[in-house]
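Chemist: Taken in sequence, the protein lines are chains A and B. Every letter in the first sequence is one number past the one before it in my numbering, and letter 871, counting from 1, is 871. Every letter in the second sequence is one number past the one before it in my numbering, and letter 42, counting from 1, is 42.
It is possible that part of the hints are untrue.
16 Å max Cα-Cα, derived EDC-like pairs, lysine to aspartate or glutamate [stated by the list, open to error]: (1) A:Lys457 with B:Glu222; (2) B:Lys5 with B:Asp272; (3) B:Lys189 with A:Asp472; (4) A:Lys886 with A:Glu939; (5) A:Lys994 with A:Glu379; (6) A:Lys994 with A:Asp1128; (7) B:Lys193 with A:Glu319; (8) B:Lys158 with A:Glu1034; (9) B:Lys266 with B:Glu183; (10) A:Lys943 with A:Glu975; (11) A:Lys458 with B:Asp231; (12) A:Lys943 with A:Glu992; (13) B:Lys189 with A:Glu379; (14) A:Lys944 with A:Glu920; (15) A:Lys994 with A:Glu920; (16) B:Lys27 with A:Asp450; (17) A:Lys307 with A:Glu379; (18) B:Lys27 with A:Glu975; (19) B:Lys193 with A:Glu440; (20) A:Lys883 with A:Glu440; (21) A:Lys1126 with A:Asp1096; (22) A:Lys944 with A:Glu992; (23) B:Lys193 with B:Glu206; (24) B:Lys5 with B:Glu254.
Some but not every residue of chain B turned toward chain A, in silico, with C-beta under 10 Å [as the list claims (entries may be wrong)]: (25) Asp9; (26) Arg31; (27) Glu164.
Some chain B residues well away from chain A (every beta-carbon gap over 12 Å; in silico) [what the hints assert, rightly or not]: (28) Lys5; (29) Ile11; (30) Ile65; (31) Glu66; (32) Glu110; (33) Ser117; (34) Ile157; (35) Lys158; (36) Glu222; (37) Phe269; (38) Pro270.
Quick caveat, the hints were computed from the structure, so don't treat them as lab data. We treat Cβ as the ideally placed atom computed from N, Cα and C, and that holds for glycine.
The chain contents come next:
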Amino acid sequence: MAAVLESLLREEVSVAAAVRWIARSTQSSEDEPGEAAALSALGPLRKEFVPFLLNFLREQSSRVLPQGPPTPAKAPGASAALPGRPGGPPRGGRGARSQLFPPTEPPGAAADAPLARRGGRRRGPGPARERGGRGAGGPEEAVGGESLGWAGGRRPRGAGSAGSPSLGLSDPPNLSNLEEFPPVGSVPPGPAGRTKPSRRINPTPVSEERSLSKPKTCFTSPPINCVPSSQPSALNTSLWGLGLAPGCRSLQEEREMLRKERSKQLQQSPTPAYPTPESGSPLPSRTGSLTAEAADPARVSSCQRLKLVALVYSSCIAENLVPNLFLELFFVLQLLTARRTVAAKDDDLEPNPGALDPLESPLFQSVHDCVFFAVQVLEHQFQVLSYLDKGTLKLLAENERLLCFSPALQGRLRAAYEGSVAKVSLVMPPSAQAVSFQPETDNRANFSSDRAFHTFKKQRDVFYEVLREWEDRHEEPGWDFEKGLGSRIRAMMGQLSAACSHSHFVRLFQKQLLQMCHSPCGAGGAVWGEAPDVLSVLGADKLGRLRRLRERLVAPQSSGGPCPPPTFPGCQGFFKDFILSASSFQFNQHLMDSLSMKIRELDGLALPQHEPGDEDGESDVDWQSERRRFAVVLLSLRLLAKFLGFVAFLPYRGPEPPPTRELQDSILALRSQVPPVLDVLTLLRQGLGARRAVLTVPWLVEFLSFADHIAPLLAYYRSTFVLLLRLHRSLVLSQEHEGGTCFLNKLLLLAVLGWLFQIPTIPEDLFFLEGGQLDASEVDTVASEHGLDSMPVVDQQLLYACCPYIGELRKLLASWVSGSSGRSGGFVRKITPTTTTSLGAQPPQTAQGLQAQLAQAFFHNQPPSLRRTVEFVAERIGSNCVKHIKATLVADLVRQAESLLQEQLVTQGQEGGDPVQLLEILCSQLCPHGAQALAQGREFCQKKSPEAVRALLPEETPAAVLSSAESIAVGLAIEKACAWLSANITALIRREVKAAVSRTLRAQGPEPAARGERRGCPRACEHHAPLPSHLISEIKDVLSLAVGPRDPEEGVSPERLERLLGQLGQTLRCRQFLCPPAEQQLAKCSVELASLLVADQVPILGPPAQHRLERGQARRLLQALLSLWKEDFQVPVPLQLLLRPRNLGLLADKRPREWDLLLFLLQELVERGLMGRTEIETCLGSVHEAQWPGEFSKELATLFNLFLAEPHMPEPQLRACELVQPNRGTVLAQS
Amino acid sequence: MILTKAQYDEIAQCLVSVPPTRQSLRKLKQRFPSQSQATLLSIFSQEYQKHIKRTHAKHHTLEAIESYYQRYLNGVVKNGAAPVLLELANEVNYAPSLMARIILERFLQEQEETPPSKSVINSMLRDPSQIPDGVLANQVYQCIVNDCCYGPLVDCIKHAIGHEHEVLLRDLLLEKNLSFLDEDQLRAKGYDKTPDFILQVPVAVEGHIIHWIESKASFGDECSHHAYLHDQFWSYWNRFGPGLVIYWYGFIQELDCNRERGILLKACFPTDIVTLCHSTA
């Protein structure tokens, strides 16, 4: 590999040719013969070049970029920087190869000095542009020949063969499987090897076994952030160095020689030299806010070389030969913002005249070199940069190093910043909002039983209770989801017995997920692009402090570097943990079903066809809302797909891949039998075919990011990955042509795919598949010229929402400004777009046949809004039609049912017979009327749809278009309504009639009087009557005073009693606030009061002697009560209470007893028709049976006789003594 | 009548071991003349209920019941007209109505030899004249009319108060031209949980969106508010979004802490209502 880079650096091969060579296996006619020869000789190495280059750069930069996760401290004197890493530069292996890179320039040397000095060895001072032909022979040829032989041995491994991605599966003895064939004498891959801290790009022979032999567990940082020092390198060296396939031997030899060479050098130069004056301090703090070393363009050590590497590197980036565009940008920005060179106490930097390999000499010898290189690359990547968000652009444009090294680029960036409108808002996660209760789907009729209905009612509440508790507590330290909520969740899930309940719960769960995790929350969010403006107002010196404050205030969580693992940020975490804690097979299955269905639905959504001719002003408004709609659909899809992936691969996921090949094979055999949970491959093919990659791929990536270790090895998913790789390769950003994929669309696709390729479970060799395999079959982008891909549906807001890790670029730049070099910077949270559109209606089903085709054709040449309007109208009118039929026809039938039922009840007596039978009779009579529904529905749609279409379409719509649109809307609405009605009308009528029957039968039961006509308030009533509750309280007070115990001074004035009864009358007549229970209580209390009056038990306030009511007053009060009972009460008054033993017994306590009031009351009751004589007689009869004191019994008997004998008014004064006198007739006559 | 926690605690402190009688209420009103009677009564009732919940079990042990019954019997043998049961209840610090229930239950058990059904007992408490023993009937009735926290009469008063405030709220909504669905309409549609009113078009009260209004004719203390949150308010929120609770007799200020979350407390009908403006253009 080094040979290629060497050829480049020697300018034997132009960069363009080299990139062409790397990107495509075939030679281009553009290549010059000399280059072609040089390159074809290196053919087999093609696919290893890019990983080599990337690792080379990482290695080179490792000592300049100390930031990142802590790596083991370098022991002084240890060789660290450039040991033979798998992808590292194989140094020394080529024997006496002349040194390409000159010794390190002394600091401060003029930038052009190296060029001049190297002039002798180089063919000319020009950079890679120079393509002078080279004669055969010389060291290059030797290198080439050696390489050929070296690579030739590797050929059997299929490295050069184009086409089949068999990936060495068929090779019988898998010598490169390190598990099976451990390198002789090597350290077995222990835990240290397994916890390789970051994904390094290795020049791996393409084989599936690689994923087995090199499990990747950690995935939190990009390669660059995690510079593995000696330990993993040594391990890897040993892994790769020994016992490998014959093809590897030369590599192994190379390493062996390298190692010797290194030790030699170590001995030669025991005193390490430091590359920069500042590096005197041995181990500078890695995270402290170092004062950055000033970068000086004049102190760059080897401009030419750096330029060349930058060009190669940039070209690889441009051709999408690197897996992850943004990772490379991040790396470059790290170089740009490098603070100072770490004191690396090794001898790498020691000028070692005469012995150094061109690749041996460090590429980055100082911060100046880094910055120079970074600025070079950034210049090439300007186009991508210009599409970043405004805040990032500002930080870039304000970067003083950039200004210093390339004022031109700075100028372009500033212009881009000033022209940018790409403000990305930083929105806090919204607080939860519940899914609303919808009677159509949630009421009792949707459940199999009352029990299921009520269980679900409770579950909904438990679900939200759990959710709220999570919201409150999940950020508390020490709080644990499982411990806090697990058992409650499982208890709730345990109650979901019926399958139908599961589907209800899953619907709630999924809706809540969609609502919470990307709910529109435009309000209250800061805007990214604005923050720097604010800061610049405050002054640059406060910037750092403010930023740190913000970091603490806003969100301390880091989004995990430019390549974070798939996570569940914010509210998503709740749903993930819920699934885990629930650990319910049924729930997971229902959830997968539901998610799959929703994904298919959204993926197939008819997103608008952007008509190129439709570019007038109004369509601009449309286009804005279309873009919002797209964003909502895309984000929903990604969320759903993420959860689908999570649940679908959950049973297979584990931290480690299967330990042995046999086990893996058997698992593969087993798994290949299982159909995929969702046919993503077909959906991807369809998406690519319809040029809707920009919609399909981002969610697919989310889904695949949860794949377990085995899934990517399955043929099915492998095909999916190959398709994705082809797509990735085809998305060259610089290629822009009419009808091609829009730039930001491409950027989004590159970002998500790049991210996917970094996922640990995705085999790392996948990306570096032999190019030929990818070239073999181009992605079929047939037919559809105006797919979504060619429409500007993606904006920066969406890009950052889907790929928050792009924000790491900005964070990196910001932390440079603030002076803190730690990676703690994390004010980025999940970016949520400020969209407010709903997911919108599904396209209605279209009728088949010619009419449908005509309708489609009609829409083809109309603005898309017309179609949307018509579909919308049809959908709504169809739905309204059903509601209308329910409210009219069905309601009429229910009324008929009620009256039929009443008749039935009258004829059959109160019980009315068996309710089930009754229902059957009614339904058989009524259901046939349901047939009218279709006719009425049709009529409704015909009337309503045109009105709605007319109202919604522009006034200027041509008459013919309007009438066609109307008739299509009518047709679609009728189709929708009638389809529903014909399928459901009978069931609907049945259901409603059933409800009516049970209602009627229930109402039939108690208190028929209460159902009787109730009078309301009189007209013009102002509802000023006292409140019933107040009256009950008042009467209760009087009763308690009467019943006692009471204080001597307590009592009631006669006026108060009269006022009370007056108020009672008012209340009973107003009725505004009266409810039946209150009225019943009032009736009862009034009867009790009457009893107490009759027995003269009410303590009266007044002159001490009196303390009792005058007879006349008592009569007046009784009269008032009688009149209330007669006129005002609308509930039955329990008058029989008056004659209960307890109430009559009140009389027994008084001495002397006075019976006249009772007799008066009884006769009045009869007189006013409040009680029948016989009723009273019955009551008195039963009273007589009770046990009474002797003389009281006698008096009572006398009273009965008196009452029975005398229908007329008794004497006002009827005393006990009179009652017991023999001649009652006389007594009465005297009155 | 929004009270701070401290104000509330001061009132609650005065209510410890106070029997739920007419006389106690009168004293309470004299002690806190600035508070409305309804609020005081509501707080008294709630505090007393808490006290009863705490001590309920103690009065329902077999020994306790037996001893109460014996004391009752001894008392009425001496003087059937004396308030034996009421005084017993006050003496052991238990609600008269509940004491009446204990004795009635015990009495019926002796008569019937089988435990009487709840409905029979309830029916007798509602209408003591059904009680076969005349003396007991009077004693029970006396307990019921003298109890201002428990018993069928009090239950009915509470129910009536609740209803009246719902009616009041409905009138206010109609007056403000806010269209709504009431509980009965919601039930008819098959809603599983029904606040008093759901607004058909949400409004903003003091800057908070509300979808539903629940009327509570009581004082909102911690205990009852938490129970309502759990059984009702959050359930409404779970289905209909944020809403408003009106505690007509006031509440503890500190409880109004879920405004941001979507539950707003008020002690009266809000005046600051913002409605959705329909543009007529």
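Chemist: Could you work out which earlier hints the structure fails to respect and list their numbers in ascending sequence?
Modeler: Hints 1, 2, 3, 5, 6, 7, 9, 12, 13, 14, 16, 18, 21, 22, 23, 25, 26, 34, 35 are the ones this structure does not satisfy, whereas the remaining hints hold.
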